[in-house]
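Here is how the chains run, residue by residue.
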Amino acid sequence: MSAFEQTALELRRAAGEARERWGSPAWLALAALAIAAAIPFLSLPGVRVDALADTAYLAVAATALGLTVGPAGLPSLGTGAFMAIGAFTSALLVARSGWPLEPAVLAGTAAALVAGVVSGAVVRLRREFVAVSTWLLAWLVWLFLLAFPSVSGGSQGLILPPRSLLGLDATPTVHFEVALALTALTALAVAAVRRGAPGLELSALRQAPGLATSLGVRLGWRRLGAFSATAAVAGLAGGLSVQLQAVADPVSYDPFLSFKLLVAVLLGGAATTLGPAVGVIVLGLIGLAAGPLARALQLPFERFDTAVAALLLVFVLAFGGQGVLPWALGRLRREAPPQRRPARPPPAEPGPNEPVLSATGLRKAYGGVIAVDDFSLELRRGETAALIGPNGSGKTTALRLIAGAEPADAAGS
Amino acid sequence: MTITLQVIVSGLAAGGVYGLFAAGYSLIYRLTGIIHFAFGDLVGLGIFATLLVLAGTTPVSQSGAHEPRFLLAIVVGLAVCVLAGAGTYVGLVQPYLARGSTIGWVAGTVAVAFGIRAVIGATFQRSSYVFPDPLPFHRVGTAGYIHLGGAQVQARAFFVAGLAIALALGSAWFLERTRYGRALRAVADDREGARVVGVPVELLVTLAFALVGAIAMVAAVAAAPGEAVNANTGTLLGLKGLVAALAVRFGPPLWAFAAGLVLGVVESAIANVHFGGWQLGPSYREVLPLAFVLLLISLRPSPEALEERE
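Protein chains in written order, with the numbering used here: chain F, 1 to 413; chain B, 1001 to 1310.
Because the hints were derived from the structure by calculation, they are not lab data. A quick note: this is a predicted structure, and the numbers were derived from the prediction, not measured. Do not rely on the hints blindly, as some may be mistaken.
Cβ-to-Cβ under 8 angstroms is the rule here; a few derived chain F residues that face chain B [said to hold, decoys possible]:
1) Ala131
2) Phe144
3) Val178
4) Val314
Covered stretches of chain F, as calculated for chain B (at least 3 residues, CB under 8 angstroms) [what the hints assert, rightly or not]:
5) 70-78
6) 91-97
7) 116-128
Looking from chain B toward chain F, a few residues come up when the C-beta cut is under 7 angstroms (computed) [stated by the list, open to error]:
8) Gly1108
9) Asn1232
10) Leu1288
By construction, the Cβ of each residue, glycine as well, lies at the ideal position given by its N, Cα and C atoms.
Kindly generate the complete structure, drawing on both the sequences and the hints.
Okay, structure coming up:
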C-alpha cells in the first residue's frame, strides 16, 4: 500500500468517525453558538453587550484551561496570571508606545506564551506542586502589578485610547463576536487535541504516569505543550478583553480570577470540551442573579460573588465533581436515546462451528527485517488457541496486524 | 550597623510568624500529602473571631483591652480556628484524599480560602482595623520603641520573635518526645504501617490539622496589634508561610520554620537596607522572594517533588 493510499484511508476513517460522532451534542453546540452570535442584535432589555463580551473572553480562557485541567490533569491555579501578562503587555504597547491593537494583542499573546513556557518547568512536578507553584505565580503577578504603579498605572489603571479591531470600530458587539469566534476555535482545537494522539498520551500520563513514561510517552513535553498553549490563549483573551474595558486595572487580575477560571472548568465539567464555556455562562448567570440579592442584603457585591463561586464549587465537588455539561448530556441521553444508524447491517450471529476470526497471508517487514510472513489463522467459536514462538519471532506483530493497530504489507483475500 | 539590628529584629518578628505558618504547611504535607491552601485564611478567621469578641465590628478607638475580655476573645478565636480547621479536613480534604483526586482537594481548600475571605470581608466592611493590644508595650521604652545603639526597635518585635521561636521549639519537643508526637511522625513516615499497629490515624491527622492552625494563630494575634488588619491579613501571612515551606520543599517542620525566619529578615532587608546609594525598596519586598522561590522549585526540584519518571 503506498503512502498516498495510506493517507487517503486515514482521512476516510477520520471523516467517518467525525460523521459518527456528529451527534446531537454537536448540533446543540452549533445552535447555541448561532443563538449567542445573534444576541447583541436583538437589543434585549437589560442585556449589556460589554458585560457579555467580557464573559465571552473569560470563556476563551476557560476553554483553553480545560485542556490543562482535563486531559493533562494539572490543577493550574495561575491562568489569571497569564491573562494579566497578555493584558498589561498589550495595554502598555497601546497606551505608551501607540501601537495598533492587533500587533499589541499578538505581542501580549507571545508574552503570555513565553511566560507559560518558562513557568512550564513546573509541569514535571507532582500535581500538588503544580498547584502551589501556579498559585504562587498568580500572586506574584498580582503583587508585582500592585507594587509597581509605573507598569500598571497605579490605582487609576492604564487608560487605553480607542482602537479599531480587525478594521472595524471596536464596539462591544464586535468584541463579543470576536470572543465567540475565538471560543469556538479554541474548543475545536481542544477537541482535536483530545481525540488525537496527544490527548490520549496526556490521559495516559494522568492516569498512570509511571506506566506511560515507561512506554515512551514524554511526560514533560506533552504537559508543557498543554500548559503553554493554555497560557498563550489566556494571554490572547486577556489582551483583547483589556481593550474592551478601555482601562487596564490591576485589581481585575487578582488571584480570584485564576480561581474563578478553575471553578468555571470544574463547574462545567473538565471532561468535556465545551464544559468550561458552559461553566463560565453558569457563573455569569449566577452573577446576574446575585447582584440584586447582594444589594438587598446590603452586602458588598464582590464579596458575595466570591462566596457564591466558592460555594458552587464545593457543591459540584460534593456531588461527584462531574460538572454541569456531562450531567445535562447524561439527562438528555437518558430521556431521548439517540437513534444511531448502524454503519453496516449487524453481522449474523455465527453458529458454533463458524469461524469468528480469520486472517490469511499476513506479511509485515520493518526495513529489511521480515517480522511476519504468510501468517494465517482461523478461530472458531468456543475455540482456544495459543500463539507460541521464541522472542522476536513476530507474535506481537501478528496480533497487532490482526487488530489493525499496524497496517499489513500484504494480506490474503 | 544601626539599621542592621532594627532590620534583623523586626525581620525575625515577622519571620517568626511566617515560620510557624511554614511549619504548619510542611507538617500537614508530611502527614497527608496535601498543601493546605486555606491555612492562612483559617488563621485569619480565628483572628477576626477574636476581634469580633473583643471589639465587635466597629473600629477600635482605645489601643488597650481588658485582660478577662481578651482571654475570652482569644479562647473563642482559637476554638473557631480549631473547629474550622477540623471541619475543612473532614469535609473537603479527606473525601478527595480517599478518592485520590488532587484537583478535588486543591479546589476544595482554595474554595474554603476564598469563602472565608468573603465572609470576613462582608462582616468587617472597613478597609482595615486596629487590633487592640492586651499587653502594655506602649509603656516600654519611649512609646513602645527601644533604643539600642542608635537603632529604634519596636518592643513588640522582641516579644513576637521570642514567642514564635518558643512555640516552634515547643512543637518540635512535642513531636520528638511525646507519645502523640511519635504517633504523628509514624503517620508521616508510613500511613498504612501506623494504622496497622493501631495508631488512630484519621483522628490524629484531624487534630493536627486543627492544632497547627491554633499555634500559628497565637503568633499572628501577638503580632496583629503592630499593624492594621484586614481580610487579607491571614491570606498574606499564609502566602508567606507557603513561600517559606516551598523553599525547603515541605521538608521537616523545623527547617520550614527556619526558612520563615530567613524570609522575614530578607523581606525586612530588601525594604530597608541601602547598599551605598542603591536600595531596592519596599516595592520589591514581596515579589523578589516569591520569584526566587518559584525559580528554585522549577529549576532545582527535589526528586520527591518530581512526578514519577522513567
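Next item on the list: Hints the structure violates: just list their numbers, smallest first.
Entry: Numbers 3, 6, 9, 10, in rising order.
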